[in-house]
Amino acid sequence: MTELEASDDGTERTPAGRENETEHEGDDRPLEDGSFGRFGGQYVPEALMPALEELEDAYRRYVLANEDGFMDEFRQRLRDFGGRPTPLQRADRLSERYDRDVYLKREDLVHGGAHKLNNALGQVLLAKYMGKERIIAETGAGQHGTATAMAAAHLDMPCEIYMGRTDVNRQRPNVFRMRINGAEVNPVDAGRGTLKEAISETMRDWSQTVENTHYVIGSVVGPHPFPAMVRDFQSVISEEARDQCLEQIGSLPDSVLACAGGGSNTMGAFHHFTADESVSLYAVEAGGSSLEVDEDAGVAPNSATLSTGTEGVLHGARTHLLQDSHGQIMESHSVSAGLDYAGVGPELAHLVESDRVTPVTVDDDAALEAFHRLSTEEGIIPALETAHAFGFLHEAAGRDDADEVLGDSVVVTVSGRGDKDLETVIEETEKRGLEAAPDLSVFAKEGGLR
Amino acid sequence: MSERIDAAFADGPAFVPYLAAGDPTYEASLEYVEALDRGGADVIELGLPFSEPIAEGPTIQEAVIRALEGGMTPERFFEFVEDLEVEAPLVCMTYYNLIYQFGEERGPRPFVERAAEVGLEGFVVPDLPAEEADPLRDACDEFGLDLIFIVAPTTRGEHLDRMREHVSGYVYVQARLGTTGAREDVSDQTNASLERLADWDVPKAVGFGIKTGEHAERIVASGADGIIVGSALVDIVAEGHENDEPTAETAARLETKARELAEGAARGANPENVPQPEQP
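Note that the protein sequences, when read in sequence, are chains Z and D.
Under my numbering, the residues of the first sequence are numbered 152 to 601, in order.
Under my numbering, the residues of the second sequence are numbered 452 to 731, in order.
Keep in mind that the hints were calculated from the coordinates and are not lab data.
Because the structure is a prediction, the values reported are computed rather than measured.
A virtual CB, placed ideally from N, CA and C, is assigned to each residue, including glycine.
Wrong hints could be hidden among the right ones.
[Said to hold, decoys possible] Pair ranges (Cβ atoms, derived):
1. Z:Glu205 x D:Asp585: 16 to 26 angstroms
2. Z:Asp516 x D:Ala703: 54 to 64 angstroms
3. D:Ala699 x Z:Ala448: 32 to 42 angstroms
Work the whole structure out from these sequences, hints included.
This is the structure in structure tokens:
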């Protein structure tokens, strides 16, 4: 029986999976001041500090202490509206191909098509408990915006989403979905028009409207308490996956693979395994076109913050960043808009620094190849973010030390489905002439799916 | 602590203008800052541009982008300060990441040391609340610089107390919620904010949304010890840039605007001298 099912019995519970806390307590709890080791904190304009204090109070009461049955309602809505628990599926052809047991944690089957709903639903519900009247959010790939728009419609809250102009253009299906759910979508023209500009713009809105508005941050980033709170909402992934492993395989997995942009899928997938020292945890970052950096141009041709970034302060937290030697934030790049962010969650930075999580990178080409492999061999069209995790599985399984790296049983989180990425995939597949892909040239010539 | 900043507030209300250093070019920006000085600036807040200015509205965000595109860096900023010929004491306004990254060792000390070397008198760091400020406060104490905090209309309780412990030079009173940007009116929240700080022993300078001499006058008349004006001045720089105006003309307009604001502030300190507005 999964933890979620257990909640139906009226068991008193705290956040996703907290009853395992004594068993799984790691060193990943934020300290009182909101830090994970050296990372975290609250580096925000003064006008936002009271909102953070109010949010921290609400987080402690409703999420950690289940006041007014908040967590019970959250879990019920996750189940009835969100479609949880998601399956842990054995991928037969991948298992055969890689000569080990490969299990897929199917977050693509959550309502809306991505793990993002876990957090969005939690935060919009929390905003309602706090008496807020309006929801704002930023989005990169559009999955978080879509999830927030859905959660806001579900809970009858007005919602505005900020999205970089570049992302609006490359993720149109999600823009349509947000609009159809009744959210306003505000394109952001600053900079390169991607996630970091959208976050800055949303913080500006929040600093003017903080008294009646809640900002639903889309990942385990930002000032305390967001990184801990978002992790708690997302940790339902590893809570279920851990129980499902014990139930279905009779043991813990040897390794867990999750793609990492800001880190919400990663922390969600890892949280309940962090105390299990036998389980190797791999955060798969976007290697983009190269791990080299063109500092003069202010561009990192990747989004591999954990692997190549340095310590700094951005968007409310001390963490790892893609920045130049002066401390100016670099533009990042990934074929996957959802990984295209110059920062990463502070807890993940801490887990990497303390050697609990291993960061690895997969480049654009390998991610696209993995996208096609999963689509044709398993019948699952993954988000391009997710494809990075499968790219690492493919690469690691081919290495001499594959047994040591991956072990006999591997869990990979399918963080979301790839419908939103089809136009990008068609364009990029054609451009790169990927051999493993089906012939998509006719669509490419017709201008994608437009 | 900076005696020059103390002196700037000692003799009547202070006019504190802001410009982003290097906007739109290094050379033009030097002239613009010097024009503000001639126009009556008592303290000048110089922005060191950061790529993610989350506390700024569109006007200053664009100024920051222009300055960065013009090649402004922290070291270039320090050279800029050395090249300036102004009477008013200078305060650096920037974001914490630039302070934190400067020099070989991570942490604020190298930046503060260099700032002291070029003659800066203090810092305003919009994304550094008092809770995170200990390392910068220590470095400022070591080199005798001021650390100026922004009090928002929402700031209350323990948080206000912590800020009071850390602040020196002057306190930046944010006139209303939101980001920087010139507005047509002056917020009622200002009076409430000033009342909350009435017993603080540092001068209170009000900023956010001050655009005209009349605004300046009203703010000072309501109890402020100074006014901080950014976006209304940056607008003049932006217009000059967009219209390809000769640098000297833009500088002259900045000087005129500065004088209007400084005189407005001075009138506010002597309400009996204020001419009554004509009835329509």
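> Does 54 to 64 angstroms hold as the CB distance between Asp516 (chain Z) and Ala703 (chain D), or does it fail?
Replying inline: holds (57 angstroms)
>> Taking the Cβ atom of Glu205 (chain Z) and the Cβ atom of Asp585 (chain D), is their distance within the range 16 to 26 angstroms?
In response: holds (24 angstroms)
>> Verify the CB-CB distance for Ala699 (chain D) and Ala448 (chain Z) against the hinted window 32 to 42 angstroms.
In response: The hinted range 32 to 42 angstroms holds for Ala699 (chain D) and Ala448 (chain Z), with Cβ atoms some 34 angstroms apart.
Checked against the numbered hints given earlier, the structure satisfies every one of them.
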